[in-house]
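Note that our numbering has the sequence shown beginning at 4, numbered continuously upward.
For the record, the hints were derived by calculation from the structure and aren't laboratory data. Predicted model, so just to flag it, every value in this text is computed and none were measured. Certain hints may be false.
FRET-style restraints, in silico, Cβ to Cβ [stated by the list, open to error]: (1) P61 with S35: 20 to 30 Å; (2) P57 with R22: 36 to 46 Å; (3) P38 with T84: 18 to 28 Å; (4) A14 with S47: 13 to 23 Å; (5) S78 with D15: 35 to 45 Å; (6) D15 with P38: 20 to 30 Å; (7) E58 with S16: 30 to 40 Å; (8) I76 with D51: 22 to 32 Å.
In silico SDA-like links for lysine to any residue, alpha-carbon gap of 25 Å or less [unchecked claim]: (9) K39 with N10; (10) K39 with A20; (11) K34 with H19; (12) K34 with S16; (13) K39 with A74; (14) K39 with P57; (15) K34 with Q52; (16) K39 with Q52.
All C-beta atoms, glycine included, are put in the ideal place defined by N, C-alpha and C.
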Amino acid sequence: MTLSLSNHLAADSTYHALRRDVSEGLQQTPKSLPPKWFYDSVGSDLFDQITRLPEYYPTRAEAQILRDCSAEIASASEADTLVELGAGTSEKTR
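With the hints as extra help, turn the sequences into a complete structure.
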């Protein structure tokens, strides 16, 4: 199997997305900021460690669903491309 990775983002797209999210978030009540902006590489590593704790079950539950149902999910979707929308280790899409 051959995999390919394509980046279709403009070089300054992250900057503009952050500005938009901060501007919109500061206008809300209560003020908010999407959690995607909380993680630098250290925060991402910390979150990865948290997901491996026995009491943090969502990651294991999601992985189990994918192990048990991935063929059925792929068949139902009729998709030929998988897009990883999350950050981190991408373990669930390997």
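Go through the numbered hints given earlier and state which of them the structure violates, listing their numbers in rising order. 13, 15
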